[in-house]
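J.: Take a look at the letters that make up each chain.
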Amino acid sequence: MAIMGFLVHALPDDLERVEQVVGRMDGMTTYGIHKEQYIVVVAEAPSDKIDDEVDKIKELDGVLTIYATYMTVEDEMDENGNLETNVDIRKILGKKNTIDFT
Amino acid sequence: MKLTRREVLKSAAAASAFMALNGTLPDMAVAAPGEPDKWVKAVCRFCGTGCGVMIGVKNGKVVTVKGDPNNHNKGFLCLKGAELPSIVNATKSRVTRPYIRKNGQLEPASWDEAMNLVVSKFKSAIKEHGPTSVAYYGSGQALTEESYLANKIWKAGLRCNNVEGNPRLCMASAVGGYYTSFGKDEPIGCYEDIDAATCFFIIGANMSECHPILFKRVAARKQADPNVKIIVVDPRRTNTARIADIHVSFKPGTDLAILNAMAYVIIEEELDNPRFYNKYVNFMTNDKKKVDFKAYRKFLEDYTPEKAAKISGVPAEQIRTIAKMFGNASATMSFWTMGLNQRIRGVWANNLTTNLHLLTGQIGKPGATNFSLTGQPNACGGVRDTGSLCHLLPAGRMIKKSKDRAALEKQWGLKPGTIAPKPGLHTIALWNAFSEGKIKAMFVLCTNPAQSLPNVNMYTQGMERKDNFMVLSEPFMDAETVKYCDVLLPTAFWCEKRGVYGCSERRYSLLMQAIDPIGECRSDVEILLDFAKRMGVDPKVIPFKNVDDIWDEWREVSSVTPYNFKGMTRKRQEKESGILWPCPTEDHPGTCHRYVRGQDPNIPKDYKNKMWFYGYPDGKAKLWMRPYAPAAEEPDAKYPMVLTTGRVIDHWHTGTMTMKSPVLRRSFPKAYVEVNIDDAKKHGIKNGDNVLLETRRDKMVFQAKVSDVCRPGLVFVPWYDKNLLINKLTLNAFDKGSKQPEYKICAVRIKKA
Numbered sequence: 001m002a003i004m005g006f007l008v009h010a011l012p013d014d015l016e017r018v019e020q021v022v023g024r025m026d027g028m029t030t031y032g033i034h035k036e037q038y039i040v041v042v043a044e045a046p047s048d049k050i051d052d053e054v055d056k057i058k059e060l061d062g063v064l065t066i067y068a069t070y071m072t073v074e075d076e077m078d079e080n081g082n083l084e085t086n087v088d089i090r091k092i093l094g095k096k097n098t099i100d101f102t
Numbered sequence: 001m002k003l004t005r006r007e008v009l010k011s012a013a014a015a016s017a018f019m020a021l022n023g024t025l026p027d028m029a030v031a032a033p034g035e036p037d038k039w040v041k042a043v044c045r046f047c048g049t050g051c052g053v054m055i056g057v058k059n060g061k062v063v064t065v066k067g068d069p070n071n072h073n074k075g076f077l078c079l080k081g082a083e084l085p086s087i088v089n090a091t092k093s094r095v096t097r098p099y100i101r102k103n104g105q106l107e108p109a110s111w112d113e114a115m116n117l118v119v120s121k122f123k124s125a126i127k128e129h130g131p132t133s134v135a136y137y138g139s140g141q142a143l144t145e146e147s148y149l150a151n152k153i154w155k156a157g158l159r160c161n162n163v164e165g166n167p168r169l170c171m172a173s174a175v176g177g178y179y180t181s182f183g184k185d186e187p188i189g190c191y192e193d194i195d196a197a198t199c200f201f202i203i204g205a206n207m208s209e210c211h212p213i214l215f216k217r218v219a220a221r222k223q224a225d226p227n228v229k230i231i232v233v234d235p236r237r238t239n240t241a242r243i244a245d246i247h248v249s250f251k252p253g254t255d256l257a258i259l260n261a262m263a264y265v266i267i268e269e270e271l272d273n274p275r276f277y278n279k280y281v282n283f284m285t286n287d288k289k290k291v292d293f294k295a296y297r298k299f300l301e302d303y304t305p306e307k308a309a310k311i312s313g314v315p316a317e318q319i320r321t322i323a324k325m326f327g328n329a330s331a332t333m334s335f336w337t338m339g340l341n342q343r344i345r346g347v348w349a350n351n352l353t354t355n356l357h358l359l360t361g362q363i364g365k366p367g368a369t370n371f372s373l374t375g376q377p378n379a380c381g382g383v384r385d386t387g388s389l390c391h392l393l394p395a396g397r398m399i400k401k402s403k404d405r406a407a408l409e410k411q412w413g414l415k416p417g418t419i420a421p422k423p424g425l426h427t428i429a430l431w432n433a434f435s436e437g438k439i440k441a442m443f444v445l446c447t448n449p450a451q452s453l454p455n456v457n458m459y460t461q462g463m464e465r466k467d468n469f470m471v472l473s474e475p476f477m478d479a480e481t482v483k484y485c486d487v488l489l490p491t492a493f494w495c496e497k498r499g500v501y502g503c504s505e506r507r508y509s510l511l512m513q514a515i516d517p518i519g520e521c522r523s524d525v526e527i528l529l530d531f532a533k534r535m536g537v538d539p540k541v542i543p544f545k546n547v548d549d550i551w552d553e554w555r556e557v558s559s560v561t562p563y564n565f566k567g568m569t570r571k572r573q574e575k576e577s578g579i580l581w582p583c584p585t586e587d588h589p590g591t592c593h594r595y596v597r598g599q600d601p602n603i604p605k606d607y608k609n610k611m612w613f614y615g616y617p618d619g620k621a622k623l624w625m626r627p628y629a630p631a632a633e634e635p636d637a638k639y640p641m642v643l644t645t646g647r648v649i650d651h652w653h654t655g656t657m658t659m660k661s662p663v664l665r666r667s668f669p670k671a672y673v674e675v676n677i678d679d680a681k682k683h684g685i686k687n688g689d690n691v692l693l694e695t696r697r698d699k700m701v702f703q704a705k706v707s708d709v710c711r712p713g714l715v716f717v718p719w720y721d722k723n724l725l726i727n728k729l730t731l732n733a734f735d736k737g738s739k740q741p742e743y744k745i746c747a748v749r750i751k752k753a
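The listed protein sequences derive, respectively, from chains A and B. The opening position of the first sequence corresponds to residue 1 in our numbering, with each subsequent residue numbered one higher. The opening position of the second sequence corresponds to residue 1 in our numbering, with each subsequent residue numbered one higher.
Hints are computed from structural coordinates only; laboratory data are not their basis. Just so you know, not all the hints are guaranteed correct.
[Claimed, not checked] Computed cross-link-like contacts, BS3-like style, restricted to lysine-lysine with a CA-CA straight-line distance of at most 27 Å: (1) A:Lys-49 <-> B:Lys-58; (2) A:Lys-58 <-> B:Lys-92; (3) B:Lys-686 <-> A:Lys-56; (4) A:Lys-56 <-> B:Lys-222; (5) A:Lys-56 <-> B:Lys-705; (6) B:Lys-670 <-> B:Lys-681; (7) B:Lys-92 <-> A:Lys-49; (8) A:Lys-49 <-> B:Lys-670; (9) A:Lys-58 <-> B:Lys-74; (10) B:Lys-686 <-> B:Lys-705; (11) A:Lys-35 <-> B:Lys-222.
[Claimed, not checked] Covered by chain A, per the in silico footprint, the following chain B stretches (three or more residues, Cβ under 8 Å): (12) 57–70; (13) 85–97; (14) 735–743.
Beta carbons are placed, not taken as given, at the ideal position from N, Cα and C, and that holds for glycine.
Produce the entire structure from the sequences given, and follow the hints as far as they go.
T.: Now the structure itself:
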């Protein structure tokens, strides 16, 4: 699981509702409303899915935008330090790429 | 209370958000054990905003990135920046050893074999055809030390001025604009001006997608004071335009007429500032004759709002409104980028935007400035400032000026006359010459020309010739240019090396090395030093042992020029999160506003005037009378629409980095064409349909996104996708002054495929 720290910037009238909705979403932990416009949130999700989860927040009524501050993928590394999402580029490009990677 | 490691990581994530918000850590954020082994200070790898990042390293791997709260971004990052760990760890896509092309295929080679071949090709080209038969093509993503070193190897060591780079494709018109208006390159103000501005004039820039962290600062300024006005001038209704007080949509290429009409209104409404321009400005005709204000006013009679409306399609009343907003504001800050620069009249468009500031005196005071945004992380600090283009020398000196050559030769300890007096070939001329077999050997470093050059089929065909030679230093195996190079060198990527990035606001920040290069990769400094040695360049000319030696020499070279950043020692850079030049001494804080007495250290404290535009001998800036002129390829009966290209928020440049992040890849998996609703109806196109785009150069099918973003008659395609390579369709006509190509406008026809 990747962990991402970010701020949700929402309209003042919607802040409390947005915070409640985000707090109920899977993998989201909220840390209160600040400066009358921001909600501090930490998301936990696989790194290739985390953006989809954060996008769900962007779609909520009253949310203006999201600002990232932190991302860690430490938990997704195997003992050799390889990321699960480190895909061999041949899989992306198919057979078009003829270069020898070995 | 004992936290689990996961809780520690979560509290660290929350703490970074609190830090960005308040500048201090909350009590709950006491993470220490379980966090990365070390934090290393660096700068984001992507756009020219230059956000500071802290890289978390554990067991020799990058596991975390967070915004640097001490840099200008105050801890914030965009999603691309937050995705850097995924990209650094995309090791399976990396070039990890040298390759030599044999019988059409790249085959593994040793460093010695690869470098011996490179050097033999360069030596034989120089021996048979002279030093102008070889070239260097660098990048606004290379470290400052890399660009400075390559520039010196070529211009002083090989006596060859064919030194170019991809900033020619993105920033050359801004350089030309600043040079012609002020006699010196680079912005006058800084990001702090955003916090004091009361009006933002954003033209030809989609800040919300291309510079999101700066856009956030603009939006925060607007939110803090609802009286702050935002004007966006753009043929597309981008997300940037959606928060504007006024969005001005216009026929692509006609902004020159709009800018002149704004000047007309500013004078008509007596919002001009004669006290300022009488003291600090010369009025210049297009053919470089000095005239008076009356002549300028007469020139503007061709650009009444009504006349400009006919040219641009913008209602005259809207032009009047934005001109009054610009002139009435207590502090107006302009932003622009590729929409003005990537044009055959790019320098003129830059001049005309600056004119509005010179006319109103909206310059040199907090919040009032003309600010060119940069597209790459080190186009300013790396290429522009070190003079790594074919007509430049370091720190704003020009090759064609004998005094400038002599001064640098003295500083570099060269025999007088060593630097060739004739400028080299600019990017398009250089690649034309390579395609014609006239340039025999090309060293390409940290850039991907097989995707980024305009009308690119012409140049990839040239790259396939057997009688020319291209060596490419590149981190990623799937970069398009890898298909064409003769030798491929494995280079260290981003935090695998150390050096400086200089962002849009003249801020130089040190990137410290976080991890070792993978495989057999070497830093580009090591590669270039090895190249120079093997080429037999005099060790007195290239005496450097490491990257820090290069920085120290560059500081010294700058110290006798107005760029002076001698005070930015390595020790200081390691501690601080970026310093703005000029910065002449170690105790100097850096300079927010150039040309202003009391701020710019180049101006004596007792200088008689508040401002001094010292780029010109008489201390005055130039206001240029630039006429409207059409694009190189206007729409016609055969190709009735305009094609424009650009970025999307989740991808950067040719996608070699951002396509490595699964998140970013999935959000925009492939390029598309944005079509206006009315045009879509006319052509029977629905959202998601395949659409054939055809220009005079090539044709290609894209999936349609039907919306109101493009104005009718305009289509937009992002350029990050190597599999749908839009630069096969774009035009390589270029600005006569800046030599920058017109990516932003070419004629196209579309039909449902």
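J.: Taking the hints in turn, state whether each one holds.
T.: Results of checking the hints against the structure:
1. A:Lys-49 <-> B:Lys-58: Given that 27 Å is the threshold and the Cα spacing comes to 23 Å, the pair holds.
2. A:Lys-58 <-> B:Lys-92: 32 Å, violated
3. B:Lys-686 <-> A:Lys-56: Roughly 26 Å between the alpha carbons, so the hint for B:Lys-686 and A:Lys-56 holds.
4. A:Lys-56 <-> B:Lys-222: Satisfied, since the Cα-Cα distance of roughly 26 Å is no more than 27 Å.
5. A:Lys-56 <-> B:Lys-705: Between A:Lys-56 and B:Lys-705 the Cα gap is close to 21 Å, so the pair holds against 27 Å.
6. B:Lys-670 <-> B:Lys-681: Holds. B:Lys-670 to B:Lys-681 sits at ~24 Å (cutoff 27 Å).
7. B:Lys-92 <-> A:Lys-49: 20 Å, holds
8. A:Lys-49 <-> B:Lys-670: 18 Å, holds
9. A:Lys-58 <-> B:Lys-74: 22 Å, holds
10. B:Lys-686 <-> B:Lys-705: It holds: about 8 Å lies between the C-alpha atoms, which stays within 27 Å.
11. A:Lys-35 <-> B:Lys-222: 16 Å, holds
12. 57–70: holds (count 9)
13. 85–97: holds (count 7)
14. 735–743: Result for this restraint: violated, n = 0.
Going down the numbered hints, you'll see the structure goes against 2, 14, while the others check out.
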